[in-house]
Structures are given as structure tokens and as C-alpha cells.
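Undergrad: Given next are the chains, with one letter for each unit.
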Amino acid sequence: MVFQRDGKTTQVLRDVNLQVAPGEFVCILGPSGCGKSTLLSTMAGFLSPSSGEVKIDGELVTGPSPRRIFVFQERGLFPWLTVEGNIAFGLFKLSRLERDRRIAYYVKLVGLEGFEKAYPSELSGGMKQRLEVARALAVNPDMLFLDEPFGALDSITRLTMRRELLRIWEAERNTIIFVTHDIDEAVQLADRVAVMSDRPATIQQIVTIDIPHPRDLSSPRYLELRNGIFDQLGLAHKV
Amino acid sequence: MQLSLNSFLPLSLRVRLRPIAFIAALLIAWQIAVSRSPVHILPGPSEVVGGIVDLIRHGLLLKYIVASLFRVTWGFLLAACLAIPIGLHVGWHRRAEMALNPLIQIFRPISPLAWIPIAILWLGVGDLSSIFLIFLGCFFPLLLTAINAVQNVPAVHANVARNFGLSPAAVVYRVLYPAVVPQLIVGLRITLGVAWLVVVAAEMIAVNSGLGFLIVDARNAGNRYDLVVAGMVIIGLIGLLLDLGMRSLERVKSLRWSYSED
Amino acid sequence: MNSLAEPRKWEKYFWPVLASALFLALWHYSVIWSATKVFPSPLAVEKGMAQLAGKGLLWSYIADSLRRVALGFGAAVLVGVPVGLTLGWYPTANQIVNPVLQILRPISPIAWIPVAIILFGIGDTTAVFLIFLAAFFPIVVASVDGVSNVPSMFRRAARNFGLSPLQLLVKVVFPAALPQIIIGLRIALGIAWLVVVAAEMIAVDSGLGYLVIDARNSGKRYDLVVAAMLLIGVIGLVLDLCFRRLRNFKSVRWGFRNES
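First to last, the protein sequences are chains A, B and C.
With the first letter of the first sequence counted as 1, position 162 gets the number 162 in my numbering; the numbers rise by one all the way through.
Numbering-wise, my numbering comes out as the position in the second sequence, counting from 1, plus 239.
Numbering-wise, my numbering comes out as the position in the third sequence, counting from 1, plus 501.
In case anyone wonders, no lab produced these hints; they're calculated from the structure.
Do not take every clue at face value.
Using 20 Å as the maximum straight-line C-alpha spacing, the simulated SDA-like pairs for lysine to any residue come out as follows [stated by the list, open to error]:
| id | chain 1 | residue 1 | chain 2 | residue 2 |
| --- | --- | --- | --- | --- |
| 1 | B | 302 | B | 456 |
| 2 | C | 510 | B | 336 |
| 3 | C | 510 | B | 339 |
Use the sequences and the hints to build the structure in full.
TA: Next up, the structure:
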């Protein structure tokens, strides 16, 4: 898969070239406002690039598709549907039996058993995020795009959610492209991290994280990679 | 005005009594003002109550209330059935909204009562023209409510729907319609209040039954101002009940979702 | 949320003009096809308006209606905003007074006419009183809402800086509540305009509302009736637009981020 893109009237992105292999977990890392969300939306087909093109499996991307599901933050959930209703949203082409089977499977996978009939307003932030992921996975997409999905959660819940996400990814092995501004998050989750510069953003560096999961957060290799990115971004090591 | 009952009553009861005490104080002040005034035309509270009892005894109260409610219901429902679907589609299609907006903005400030000559010309004096007036009074607010409701639905919902491969028609039916329900209900409640105001005014002019008619008739046929004010009080109470009824609808759990923009 | 195609700039003028032209054409031809002797066509309306303008009546009627609105609305603002601010600031007071307001509010101002006539007689004062009544409630409600929506953070921060309660009210609460109050004022102005027309149809003998009734009663001049209606609509729209301009003042613009 090849991505290549230039920016818009205010040039948001400049000369972005990225290739992603199937089943890979790629993080796009950068400070807020640098354009990484724009990049993600373009990859998913919600925006068209002003120059360059996005190709998936050799085909040009012209719009959103169920093969590439974008996980919005919790506000993407439909408040008038229950947990089951939300998960079933994309499954309208399936038979009743198959639909129920999938709902049950994904409810279990994301750990929301017992809440099938609950409405999003009754769920906590972490649960809503899991529901979004379940809804996205239920249609068996090739790719998942996640735009700072854990941004609204407290840092303790975030750690749990990262573990959950990795567990789900290892079970489903979709290709995941994950946008974040949190360096630790990127190093903890991704196979490769694309570090972005400020606007007009371009990819400064692509770091390959070669530590196998589960990753020890105090191992020297982890710290080495993490510090490398700190340096790349020109950040001090001490506060 | 703290009464000496303070020390005897628990706080929650005291709190509930306060508005009642206030109303009682107002009523007493009213009664005093009336009995002190030299020209005795305006009735005091006791006379108003007497008037209400009078109406009940003659069987008129219920009859008038039903007549007014009947007209409101018809005018309101007709307006809702037309304005909401039209408004939803106009709100959805940007060009339709651009086209119709000036026309709507010019017709909206025209009081339904200003339509009375036309209404009487087309429909004669009677129930039909008052229902037409109520319809007019409800149509534009509901139309605008529906248009605004559509425009206020966050874009993310449409994006999610497209992402999952829904056809444009399916986006409208499966996402837009459920999303606008809470706002529509609020709009319906406010417009019902408007309908209640219009029906009273319409009855004062164009028909011969109903609470509005009661007010005009009581005055014209004998200066029965006790009945006039009785009519006003009843209008206020029923209007309040209608509003409370709609509010309880808003609280029904399965209909209660809203969007906080921040 | 809208359907997706992004319209061009010229379309902003094209569609409304098209729709209005279609409407006028529809109106014109309906009159011709139905061969009505009474209902006016657009041209007849226009001629009627010119006639009125020529006689100078038009402007004096418009001025009368506007004057009554100005007086009634102005009084409602002067009384309603402080009342609303007070009720919003002291929840206890609100709790006591609110039920009375809730009962009085659904009573159409028109229903007050007989009582108003007793108190003030037939004429301008009655009309102004009715407009005052109509505008009063929305203004109070909006002011109460505006105050209760001021985050308690603001109050705390102000006290932290040592402001007295009066300073707090004037410098912090009032500006913070202002956007919402202005929304309420705009709505109240719209209501005032509706009511002045209705009041003039019944209780006075000049103004646009009076014109509507009089044109019909004395000679079935439906062209004037419709002309008056259209004028009512246009002036009401102009009043509303003027009010929307208020939003653009920087000191309140922050509160209208989300309004369309």
C-alpha cells in the first residue's frame, strides 16, 4: 500500500510518503495540530488529497468504505442505539442469525458482556471506546484508522485500553493506523512509528520498534527507542 | 416573609410551601386592591372562583375546554404532519434551504391573526378557519425547528454511516431521523404553547365556542368580568398542563439523547 | 449535517430568486385560473400599496406599529432583564416566583384585552401594555437561563480577586449572561411584533394590524389586506435582521459561536 500526499490551500501536509504492510500496526506521532488527523482522514477516504494519491492494495481510494473503518472518538457512537444496536449498525447485509452471532462475539471480545442493552450515555469513557472498536471490527474491515482514541480517558484507563487494543489486534490482525501525540503510547503499541514534523507536516523519521509484545516499559531497548524519538522531536529529557 | 412556623416544619416542606405562600400573598393583595377601589368592575379572587363554579354548574366549562382543545389538536397535528417532513428534507438539502429561506422568513413574522380576513374569505367563520389559523401559527415554527434540527446533527454521524457503506437514502432513514427526535420534541412542546395562545385569540374573533369566545362573550353579554378572569385563569392552567405533559414526554428514557457541543 | 454537495457562490442568490419567482408566478396564475373576484393578484397588491403610500397613510400606520412595539418592548426589557437577573441569581427567589410566572405565561396577551381595556381604556396604552406582557416572559426566562448558565467558576474567580457582590453582578455575571439574554430579546421582539398586529386588530384604530381588519371591513379591499400582510412580514424580518447584527459586536460574539 502506498500513500503519497501534498497539502491544501494552507499547506497542511507536504510530501508525505508512507507504505504500510498488511497486518501491520503503524503509529503516526506528532504534536497537536500538525496535520496528522488530516492525513488519517485522507487515508480513510474522507478527504481527497490536493496532490498525490492514496492507494490500497493497488487500488485508488476515492471515498470511505466498509473495508477501512475509521474509529472516531466516543462521539461517533449513535446515542439512540444500544450497545447491540451500535455493533449491529454495519451488519445490515447479514442474516439475522449471522448478525446475532457476530454481535455476541464482539461484545465478548471487547469485554462488554452484561451491557448489551445499555445505551452509550450509560457507559464510561473507556467502555464507549471499546464499543466503537467493537462496532468497527464487526464488519471485518481490512484496515482500522484510530484518531487519538484514548485522548479523552484518564492515563490509568489508557494503559488498560492499550493492552486491550493489542489483545484484540493480535486476535483479529487487521492493519491498524493509529494517530497519537503521546510518545510512550506510540512506542508501546506500534510496529513502526512515523514521526511527523510541525505544519506543514512531513514525515521526519520512521522508527521500527523491534521489541516483541508484551513490551517491558523499563527495558533498555524500550527506553532507547523512546529517547531516540524524544531527541528526534527536539525535546528535553528532563522536566 | 418568614412565618413563625419555621421552627415547626421540616425544611423540605417549608421549601415547597414558599411558592404557595407567595401566590396566597398575591391573591390577598389582589382581593384588597379590588375591595378598596371605588369603581367596582374588576373582580377579586373570590368572585373569580364563583365564576368558575358557575360555569361548571351550567356545564359550560367542560364544553368550552373541549372545543378549544379540539381545535388546537387538529391545527397542531396538521401542522406537524406537514412541517416536519418538509422541514427535514429542506434542512437536508442545502439548496432547498437556500431557495425557501427568504419566503419562510417573510411569512414567519406575520401573526396568524393577520390572516383572519383571508381565512374567513376561504373558509368562512367557524371551526375550519380557527383550525387554519392554528395551523399557520404552528407551521412555521415547526418547519424551522425541523430545519435547525437537521443542521444541528453532528457531521460525524453522517461520516460514520458513509464509512459503513450506507446508501444516501439509508443515511437519512437510519441516522438522520433518529438523531433529530429530541430536538423535534422540544420544538413540538414550544409550538404547542404557541398553538394554545393562537387558539384563544382566534376564538375571540372568529368562532362562537371555546375559552377565547368565553372571554369575549362574557364581557359583551353583560360585563361578567368574573367570568372573563375565570376564563383567563383556566386558560393559564390548561396551558401549563399541556406544557408539563410535553415535558414529561421529553423525559422518556428511550427518547432522551442530546448533543453537548462542548 | 447536510447532504454533501458543496454549493457554489452564485447559487446563494440563484435559488432564492428562483423560488420567489416561482411563488409569485404560482400566485398570479392561481388568481387568474380560479377567476376569483376578490382575492388579489400580486400586481393588484402592489398597486394597492402604492395607493396607500401616496395617501401618506402607509408610513403613518407603519410608524404607529413600530412606536407601540418600541414602547412595549422597551418597557419589557427595562423591567424584565433586572427581574430575570435577580431571579437567576437567587435560586430561592426563583423557586418562589416561578410557579406564578408559569401560570401567567400561557395566557395569550389577547385574552388580557378586556382587562386591559378596563385598566387603560381603548387606545395606545392598551396596545403597549399587551406588547409588554407578551415580551416580558421570554425576556425573564432568557435572563434567568443566562444567569444560571454562568459557570460557578466565574463567580469563584471573581471572589478570589476580591470583587464585591455588586461588582460581581455587573462585571462578571451580566456580561457572561449577555449572549443568552440577547437571544431572548430577539425572540421577544418577534413575539412583540406578532402581538402588536393582533392588538391593533382589536383594540386600537391605527397601525398595520388595524389596516388588515379595516381594509376588509370597509370595502373588501383584499388587495390592501394582502399588502398589509406582506408589509408586516417584511418589517418583522427587518427587525429580526437588525437584531442579528447585534451579535457581531465583539463583546458578545464569543457567545454565539454555534448559532446559525
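Undergrad: Now tell me if each hint is right for this structure.
TA: Here is how each hint holds up against the structure:
For the given pair, residue 302 (chain B) sits about 15 Å from residue 456 (chain B) by alpha-carbon distance, which is consistent with the 20 Å threshold. At roughly 15 Å between alpha-carbon atoms, residue 510 (chain C) and residue 336 (chain B) fall within 20 Å of each other, so this suggested pair holds. A hinted pair counts as satisfied when its Cα atoms are at most 20 Å apart, and residue 510 (chain C) with residue 339 (chain B) qualifies at roughly 17 Å.
The structure meets every hint from the earlier list without exception.
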